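A.B. asks: These protein sequences, in sequence, are chains A and B. Under this note's numbering, the residues of the first sequence are numbered 201 to 512, in order. Under this note's numbering, the residues of the second sequence are numbered 488 to 770, in order.
Please keep in mind that the hints were generated in silico from the structure rather than gathered at the bench. Quick caveat: nothing in here was measured; it's all calculated off a predicted structure. Even glycine gets a Cβ: it sits at the ideal position worked out from N, Cα and C. Keep in mind that a hint or two might mislead.
[Stated by the list, open to error] DEER-style ranges, computed between Cβ atoms: (1) A:Asp287 / B:Pro732: 24 to 34 Å; (2) A:Glu498 / B:Cys539: 47 to 57 Å; (3) B:Glu587 / A:Ala485: 47 to 57 Å; (4) B:Gly745 / A:Ala485: 36 to 46 Å.
[As the list claims (entries may be wrong)] Take a look, some chain B residues computed to stay more than 12 Å from chain A by CB distance: (5) Pro557; (6) Phe560; (7) Tyr581; (8) Lys631; (9) Ala641; (10) Met657.
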Amino acid sequence: MPSNAEIRLRERLSKLGAMKLLRGAKLTGELDRLQDQLDRLREEPTAEDIWRSVELARHQDRPYTLDYVERIFDDFFELHGDRGRADDHAIVSGLGKLDGRTVVLVGHQKGRDLKERTNRNFGMAYPEGYRKAMRAMALADRHGFPLVTMVDTPGAYPGVAAEQHGQGGAIARSQAAMVKLSVPTVACIIGEGGSGGAVAIAVADRVLMQENAIYSVISPEGCAAILWRDAGEARKAAAAFKPDAAHCLELGVVDAIVPEPEGGAHEDPDAAAAQLGTAISEALAEIEGLDPVERRRERRTKYRQMGILARV
Amino acid sequence: MSSGQDRVDVEVESKRPDEPAKGKGHPNTCPVCGSHYRDEELVRTLRVCPQCGHHFAVGARERIEQLADPDSFVEEAEDLRSADVLEFFDLRPYTERLAEAEVETGLGDAMIVGRASIEEQPCRLAVMDFAFMGGSMGSVVGEKFVRACDSAAAAGVPLVSVSASGGARMQEGILALMQLPKTVCAIEELHEARGTLLSVLTHPTTGGVLASFASLGDVVVAEPGALMSFAGPRVVAQTTREKLPDDFGRAESNYRFGHVDAIVPRSELRPTLSRLLRLFASP
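Pulled out of the complex, with its shape left as it was, chain B reads as follows (with noise of 0.2 Å):
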């Protein structure tokens, strides 16, 4: 493990979690370097830049598939969807941002979970993906991480959770802000059975998913560059009017100021959770 080098090139729009980032170029350009790469290139490099290191968005799916053991991950609760309670309208209605997202994701929500084996460790999933309506935290999310919470306690297996997320989903209103203390509760509950929530927090990872269970974990590691703050950047630049720290926020500030257990390079991330599986499945 090492602990990466800085990179705070990625311009998160933490609070706009619904739309690409602006000025963004390909999105297998590297916004580091500048090189170009083919999909299959950076499915193989597990979309780590070969050029600078620059770690790429990695979706739910892709993310499995880098973690889990071939063919041993099995969805749980992927019939649940959101539902929009506060018939909530802002230029769009939310039911069209959901459809939307669902046909460009294939995803149901912002979470997938199941039950998986890291390097023959048996564990409970919770993977998080930002191309959905920007990793936002609805019902949906929150439920879907309680049930992996109870699946690894009934288990009697740990749970691991891979995050990326703007925050709470707006567009749920208040019932957003109760998934925090929701998800709080089952985490609560998979500690008092001796369960184990190991936390990977990848970029980025904001407001209320960091001020709930992503901040929870037994053991908390970040990949390199990260975003992890509770208030984005541009929030807190224009609050303060501060000229905020190059590495504001990031994985390695947090890091520094004991936040974090570990940077964790991609490409070390299987062997970083295979070890820590290992070590919490002592008696």
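Excised from the complex, chain A in its bound form (with noise of 0.2 Å):
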């Protein structure tokens, strides 16, 4: 019996086979892609497979957004601050050459020692952050830039000033701005994408998700805490929700899989950079020469169909 996700991938086989003519030569490359998800696909993740991504998404020598940036793009230049109030370090934003084009980063920043890891938040991005995002998306639609954002978050920040400064807010509005958005998306799912603050820089027209990246509605440790009354229960509450790469495919949260160097992407950054570089470049050239209008058309069909419904 063929899973949910074997059936949605043969469907999107099926009908990238049947537009070959339109399309030509980059289709092989996707279709080889799907296939070879499919083939990972057949075997369904584990409860201990489950964990095992989720303690890698969280590894701490896992490699970061900048990690990424100066690998995969020419001349980054880094753009600071909300234009209102702060610069958020948990988020960063910038400019930078991919493939020879002028492509718009943001991503949330995480920290590799003490300090960094404080000046960074954890990762955890207030207000401003989000608003800083928006800034660099508005940037991006202004002058015909496509836009690629890197998700790596526990959340964002829960704290007194932040919800001050309007939390819940800058989070709707952030995916109102990408909603919007004329140039081409690309969102990629690097390592921890905590809740809402992860989907407040995630919602584009390609979103690529790291073998062992977790998507997910809570933490493991918060599901736990409220469902089991025990936040020790992690591994059941992941087990439970499923935020791995496998299950976010299945359902049709994320268009693809890139592949992690074996043991995971801190094995070898280098590597992981260039097999996450290459998904980007290809995520854009599939949606690049499409007309900006139908584009934008698709990117919220997509959206508004995500879910999955029964009834009486």
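Both chains come to you apart, so use the hints to assemble them.
C.D. replies: Pasting the structure below:
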């Protein structure tokens, strides 16, 4: 009995096969990639596999946004500040070259050592961070630059000042900004895709997810504390809500899984960056040729169809 | 419209939405002043304590009765139900929690949508019910909200949303999170069709609902004392080890910081919405 994921991928494979004449050479890679993902998916991740993803996604040596930026983009120029109140270091933004064209980058940023971790607030943004992201998005749209985002956050920062500065509204408006963009957009889940703070910068034409990243509605510990009354049951919670890449692909939440080096991205950051860079280039190539209005319509259609329903 | 009194009486367990908060007495006993009422008394007072003004929770159907003209409400998309895609099982299966919520509330999920008029102004309504699994947003709430937006845009009338929610529904995993961008997309298209969203925040509106449609109203109003925070007070206190201000995340605090246009006591909600509907009806 084929799983939903298999059926979904098979549908996409057959659609892409039929489009061959229209879009030519670029499709071969896409077909191979989907076939490869189909092969992987035949094996449903176990609870152990899922927990391994959680650990790898949070691994202290895992490459962060700026590790990828320096390897994937040329001539990166960082943009600071939300032009209103602050420069939130948990989110970085800037301009760089990818395959010769200028793109805008927005991403969460975690710190490597204690001092930098504190400075980056562990990748947990304040509303100022999302406003900085929106400023960069507006810049991309104004100049016709594609937008690439990198998602790696435990969640938006839960603090008194963050609430006073409008955390909920900022996350909502950041999503609205991404829904409005005319330029091509690619989001990459590269580590922890933690809830609203993650989706705030992940509403894109193509959403890529690294093999060992996680994307979830709540942290395993948070879920365990609520439903099991014991944060120590995080493994059980993760197994129940399935934040791993294979399940996200199966549910249609991400468009492709980006392979990582054996043992995880931290084992070989250069190779991980090469694979991520290739995937970003391919994803942009798929969508750049589309009419901007059509592309935005398709993006919205994708999100408007999110969810699975039953009927009485 | 007054700014209401500061009432920080209700201990909100926003992250444990499927259970009643601990240490509560009878649901008809005012948690502020201790006065006890018969249910029909509270129905008459719009579930506001006549002694101290505390706003009790209001279920979706009763809220619609309070706001809509008599017999004007026609429900839409009532046949939608949640699917248990993840076969989610914590201490109990999700399907069991759903069935129990449906029996207890008589609702199919945590939101009712439909067409209505408020003081003869036609509109669409999307009303949440906290009693259904803490008003949590999963695929059904997201889909109903999207249909309400589309229906409002097609009819050229405003959408009025009344939120009461602990956030996204954990039992639907990542698909629950995807309801945030889903509802945001629908509002964007409503706005492009020059449609209007009036967002009413009631106690509590937290997490994913605050971080999506509830914050994107052309006008955002809140009931007095309503908690409207992205993270619940308990999570913030545990994470930051800060002492929270007494009015942390409350409507009054949000009003001060510029996140809400007005705080509207329940008795003024219907006339206020009617005024706004008339203002937005101008060609």
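A.B. asks: Decide, holds or violated, for the assertion that all CB atoms of chain A are farther than 12 Å from the CB of Phe560 (chain B).
C.D. replies: holds, 20 Å
A.B. asks: Are Asp287 (chain A) and Pro732 (chain B) spaced within 24 to 34 Å by their CB atoms?
C.D. replies: At roughly 26 Å between Cβ atoms, Pro732 (chain B) and Asp287 (chain A) fall inside 24 to 34 Å, so the hint holds.
A.B. asks: For the hint 36 to 46 Å, verify it against the beta carbon of Gly745 (chain B) and that of Ala485 (chain A).
C.D. replies: Between Gly745 (chain B) and Ala485 (chain A), where Cβ atoms are some 43 Å apart, the hint holds.
A.B. asks: Is 47 to 57 Å respected by the C-beta to C-beta distance linking Glu498 (chain A) and Cys539 (chain B)?
C.D. replies: Because 53 Å falls inside the window, the suggested range holds.
A.B. asks: Can we trust that Ala641 (chain B) is non-interface, i.e. its beta-carbon lies farther than 12 Å from all of chain A?
C.D. replies: holds, 15 Å
A.B. asks: Going by Cβ atoms, does Met657 (chain B) stay more than 12 Å from chain A at every point?
C.D. replies: violated, 5 Å
A.B. asks: Any Cβ of chain A at or closer than 12 Å to Lys631 (chain B), or is the non-interface label fine?
C.D. replies: Contrary to the label, Lys631 (chain B) does not stay out of reach of chain A, its closest Cβ about 10 Å off (not over 12 Å).
A.B. asks: For Pro557 (chain B), is the shortest beta carbon distance to chain A beyond 12 Å?
C.D. replies: holds, 27 Å
A.B. asks: Indicate whether the distance between the beta carbons of Glu587 (chain B) and Ala485 (chain A) respects the range 47 to 57 Å.
C.D. replies: holds, 50 Å
A.B. asks: Since Tyr581 (chain B) was said not to touch the interface, does its Cβ keep a gap of more than 12 Å from each Cβ of chain A?
C.D. replies: violated, 9 Å
Violation of the numbered hints given earlier is confined to hints 7, 8, 10; the remaining hints are satisfied by the structure.
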